[in-house]
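Asker: Here's the letter readout for the chains.
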Amino acid sequence: MKKYSILTILIFVALVFTGCKKYLDVNKNENDPTEVPLSTLLPAAQVSLANSLAMGYGFSNILAVYTHQMTTRESPDQYGILPSEFYLNQGWAEIYENALADLDVIISQGSEDAARSDIYVGMAKILKAYAFSQLVDIFGDVPFSDFNKFPEGVRTPKFDGSSDIYPTLLTMLDEGIASLNGTENATSPTSDDLIYKGDKTKWIKAANTIKLKLYTQMRKVKDVQSEVQALLGTPANLINMTSESFYFLMDH
Amino acid sequence: MRKFLLLLAIFMGFSFLAFSQTETITGTVLDEAANPVPFASITLKGSTTGVSADADGRFIIKASQGAILVVSATGYNSVEVTATGSTLTPVLQKGDGVLIEEVVVTALGVKRADRSLGYSVSKLDPSAVLQKSEPDLLKSMQGKVPGVDIRSSQGTPGAGTRIQIRGNSSFGLESQPLIVVDGVPYNNDQVTTSSQTSGGGAYGSGIANLDQNDIESMNILKGAAAAALYGSRGSRGVIVITTKSGSAKKGAKPINVSLNTSYSLENIANLPTYQNMYGAGSNFLYQNSNGSWGPKFGTLDSIDAWPEYLAAYPELFSSTGKTPYKAYPDNVKELFQTGALAENSISVNGGDEQTTFALTVSNVAHKGYVENSSYSRNNVSVGGQTRFKKLSIGGNLSYMKSKQLGGFFGENQVDGAASQFARSLFLARNWDLSLPYEDANGKPLIPNGGAQFDNPHWAAYNNIVRSDEQRSILGVRLGYEFNDWINLTYNLGFNNYQVDRNERTQEFSRAANGLGRIVKDQYTSQELESTLMLILSPRINENFTLDAKVGNNINQRYLTRETNTGLDFIVPSIYTLKNTATQSFDNDSRSKRRIVGFFAEATVGYNNYAFLTITGRQDITSTLPYKNASYFYPSFAGSFVFSEALKIRSDVFSYGKLRLSWAKVGNDASPWNGEDVFSILTNFTGVPRASRGSLTIDPNLTPEFTQELEGGFDLSFLRKRINLDFTAYDKKSTNLIYGIAIPSSTGYSNLYTNIGEISNKGIEIGLSARIIETNDFSWDLRGVFTKNKNIVISLTEGLERTPQSGVLTEVAPYFEPGLPYGYIRGTKVERDEEGNFMINPSTGGLLVNPEQGMVGNPNPDYKLGISTGFNYKGIFLNGLFDYTRGGDIYSVTISSLLGRGVIEDTKDREAAFIIPGYYADPNTRELILDAEGNKIPNQTRISANDLFFSPNPTNGATFAINTATEMNIYDATVMRLRELVLGYEIPKSVYSKLPISKATISFSGRNLWYLAPNVPKSTRFDPEVSSFGASAVQGIELSAAPTTRRFGINLNVVF
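These protein sequence lines map, in sequence, to chains Y and S. Residues 1 to 252 (this note's numbering) are what the first sequence spells out, left to right. Residues 1 to 1055 (this note's numbering) are what the second sequence spells out, left to right.
So that you can see chain Y by itself, here it is in the shape it has in the complex (with noise of 0.2 Å):
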């Protein structure tokens, strides 16, 4: 009777030890993918770096301000700023865990399968070095070669000098162009990239333009004549038209 007994409590105390593993395997979130398509993550990309940068959202918003394109209550209508200026988190935030974030994602996803996505990965390149150029030429000294190196134990990115950043982001820009011009058959993105509806063209001359951009700001630190006189020896390959714009329209 006793023997019986404990015989079945062991048998079945076995039998849901085994079963355990795949019992408790319940633990995958499916309520929200842990992959996307690339056509996805470039509008994303894009909204949040037009929103970080914007009037009303982002960055743009102080300067508004000091403009008097705008008015608020806070403390930018005083010609004042503080650290904890909303519009100044806002932007930051926005464009670090989601504009840069998601970029890095079509850079290193792409990058995997590059024959078919190569075009993607060039304009979030693009996108990347204007964006970090903007944070350059807003706060000087910015978290850069430590950005999006969580899973590797960096809690807390340092800040890289300006003068550092500004190489890396024309050679980053070179990268972009390189990968447009790259693979034939890549799949192009169409009405999911908001400013140029996939135009390869158009986007090459915007980072020729954003390149020529980045020199002339560089100009009183080193002399760049020569790199600004190539890129306006071909003005063929700038942007020179108003349809040529690196914008888009934020209508609903």
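Honestly, the hints are just simulated from the structure, not real lab data. Even for Gly, the Cβ is constructed at its ideal location relative to N, Cα and C. Among the clues, some could well be false.
Derived DSBU-like pairs: lysine-lysine, alpha-carbon spacing no greater than 30 Å straight-line [unchecked claim]:
1) 21(Y) x 520(S)
2) 28(Y) x 592(S)
3) 627(S) x 21(Y)
4) 22(Y) x 627(S)
5) 520(S) x 28(Y)
Per label pair, the in silico range of CB-to-CB distance [claimed, not checked]:
6) 310(S) x 78(Y): 37 to 45 Å
7) 81(Y) x 681(S): 24 to 32 Å
8) 164(Y) x 452(S): 52 to 60 Å
9) 195(S) x 149(Y): 29 to 37 Å
10) 728(S) x 35(Y): 52 to 60 Å
11) 452(S) x 32(Y): 34 to 42 Å
12) 149(Y) x 466(S): 45 to 53 Å
13) 401(S) x 249(Y): 49 to 57 Å
14) 645(S) x 28(Y): 54 to 62 Å
15) 32(Y) x 1047(S): 50 to 58 Å
16) 155(Y) x 401(S): 46 to 54 Å
17) 451(S) x 234(Y): 57 to 65 Å
On the provided structure of chain Y, position chain S as indicated by the hints.
Answerer: Below, chain S alone, put in the same frame as chain Y:
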């Protein structure tokens, strides 16, 4: 796992052969006069298992023929009877009650003799929570159990209540106790649809729908040692409830019927004392403003009629467009009504020796003192049990349906918020709110216009939060007795809880941009609990006893939530999502979690005066990374009845027991937080978007652990007429899991990880005394004392502090090492090194430091509850007085009452005021010194108006509106006459011809008197309100609905 098997082997290693037939024995415990003795306890001699008799002395116990039963009760000598036949009628003689055997329901529903417990368990008699003019179980427990902190929220019907045993032991995970009803877990979750800062309802909490009338017994397991067998959720304490339907009893007659009916009226308990000398305006000049700082009544005949009212109803005003400038002394009082609470319940039970059943049907209908606020609830519970030889089968089913209606609450200034109490308590003294509240188009009208707030009458009927809740419980219990010392039990419980919420904001409201909004929220929680347990109580020898349990527990919780918002009604008065111009999906989620646990417990007793209990539990959870998913935790508890061991019992000293325990309990993470995910965003110009989630999850999450050391004693004196229990504990919770902010430059905003430690230390004292006892008269006194210190010990390196929850920029609760749990953080005014105010010479006001700091601690220093009862020939008077010492509250109500100049405290205003302090430079924030280097006392006069409504919030702050957070923090100390009941047990002679066996009528009063000594007197503010319901955020009040006072009449009839 290995540890578990080892334990199992140890328990299995005992080989005793003790076959004998056990039988069910029923009986009634009687005294010498053959009257039943209530609540006697009956235990098997030499064992710690036993049962307790009901109020009529009836009991059922399983024992083999010839076994010795020990029967004992307070105030009687215990007797030993031999089990023979199937019925017993033990007779007790009055005496000193030597071998009192209190039986307590412990973890997993196992009944054990109190003397064998090495930890504190409080028992609450169900009659303590019945017919007290309070339909919420938790609220009716306030002040009655040591170690338990119960906090109510809004004063409207069905609002949530928080319960906390021995403090908060987690940052972000649930830290309210687990509530187990007939083996089925409940939780006290609050489903929060909209932010309670910017406009949410007075949301209810999960346990409020439990039927008090169906409760048979309630035991509160407070410490980790008591609750260790419950696993993860046990670290927060456990309330073990047995229902009548879940433990059907036979009763005196084949069918027993009992009826409870109550009716109460309620009123607002704390209307402020208003000044009626000055009307709207500022600095004695009339303005159509919110504040009553205008001219004295009588100095101005008339004012321009309020523009919105004049435009809508010109006929109500004179042709000059003027209206008299006079006080409306009762304008606030008239916003409220007399509420009513009706409670009815009928319970039936019966059966025979083999089969029993029980049924309870109850109804609550509660209409609040606020217009259009109500709560109604219907409960049906049915259960039964039967035996086939050695197999016993029991089951119960219960169903609850409730409906709550009420308005929106929240801060009254936040953009887009439309709190129904935005101005209710602070109406300008010359406002006439009895004028029509809306125009012909249904647009709300207010005296000062500008959509500054929604007219409260209009809001009551137009901005409505409706919550429909349903709960279904199914419980199945099987038991098999192999012999008189081996029992196998199996318990399966299913708890299905649904909240269906509908929040409607009408067109023209200040909220939702005046477009109208509907939010639909559907929440479902399904919990499945299965427990298999083998109970062994082998007979060892004369001196030693052993009780052992081994078992398996499986728990699954599945949640679904769907929340959708529609904005801008297309056609008026149709409140559907389809009838809105834009919709958004706020929530569309599910989650599932599972835990498998194996546990064992062994209690060794020596000569029935020394006991040692050891438990172990191994949990495997689905919510942690697999490598950390399996964790073990033990507990040790010892008790020593020294009065018997040392034979020091006397007429004066009746009983003495020492307890000591140590336990460790593990807790898992929240489900579906195992990997980083992307979120799907709304389409942008038709283009679908997805973005990487900003939360990243620590791949090395480990379980949270709570370790608790507890010690105490139980003493009884004068033949058990005086009983004292004392417990002290030291609880430390480590590896606590929380989402913390990390720098945006990591690419993420938050990290979900193990971050820190919390400590809870405290003492609990329970004292009961029967001071006078004669044949006709008795006087009982009972006191409970609770003190807990809840401190955050450490946070992960590099993290200075982390917010508990976002509330407002100027005030929010935080966690920070060395500071109290959830301390209130906000701005402070500048002070010199002696603590004097620094005054701005140009404004005469205070300088505010823009840096925030700790401004308040919401945790009370201690709580005291004193109840007393008199009984004279069937007439009884019971009262409960409680006292909460300390704890701070941030009060928007007090700030507004003062700042708007509407109360007596602000009436004395003709003089000018000087704030005591010293001049300081507003730029350098340093004291200005005179030529001799002395501080210069403030001599700048300010008006009473400016004293309470800061003219310059940063450099000329004062004491109520627009000032530093610290100025609106008040000490929440409060004392209260919570309950008073006068009743009469009608003598049998009155109804001798009727089939009635007992009838009692009583009158009850609730919250009849209170005093909060440290709030401005004429605010009459009752600090027992808060804005975040049953959530862990406490001590913040943003224009909450005040508390209620009730008077009721109750009838209880037993047929």
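Asker: All hints are to be evaluated individually against the structure, with a verdict given for each.
Answerer: Going through the hints against the structure:
| no. | hint | verdict |
| --- | --- | --- |
| 1 | 21(Y) x 520(S) | 38 Å, violated |
| 2 | 28(Y) x 592(S) | 9 Å, holds |
| 3 | 627(S) x 21(Y) | 11 Å, holds |
| 4 | 22(Y) x 627(S) | 14 Å, holds |
| 5 | 520(S) x 28(Y) | 27 Å, holds |
| 6 | 310(S) x 78(Y): 37 to 45 Å | 39 Å, holds |
| 7 | 81(Y) x 681(S): 24 to 32 Å | 30 Å, holds |
| 8 | 164(Y) x 452(S): 52 to 60 Å | 53 Å, holds |
| 9 | 195(S) x 149(Y): 29 to 37 Å | 34 Å, holds |
| 10 | 728(S) x 35(Y): 52 to 60 Å | 54 Å, holds |
| 11 | 452(S) x 32(Y): 34 to 42 Å | 41 Å, holds |
| 12 | 149(Y) x 466(S): 45 to 53 Å | 49 Å, holds |
| 13 | 401(S) x 249(Y): 49 to 57 Å | 51 Å, holds |
| 14 | 645(S) x 28(Y): 54 to 62 Å | 56 Å, holds |
| 15 | 32(Y) x 1047(S): 50 to 58 Å | 53 Å, holds |
| 16 | 155(Y) x 401(S): 46 to 54 Å | 50 Å, holds |
| 17 | 451(S) x 234(Y): 57 to 65 Å | 59 Å, holds |
Violation of the numbered hints given earlier is confined to hint 1; every other hint is satisfied by the structure.
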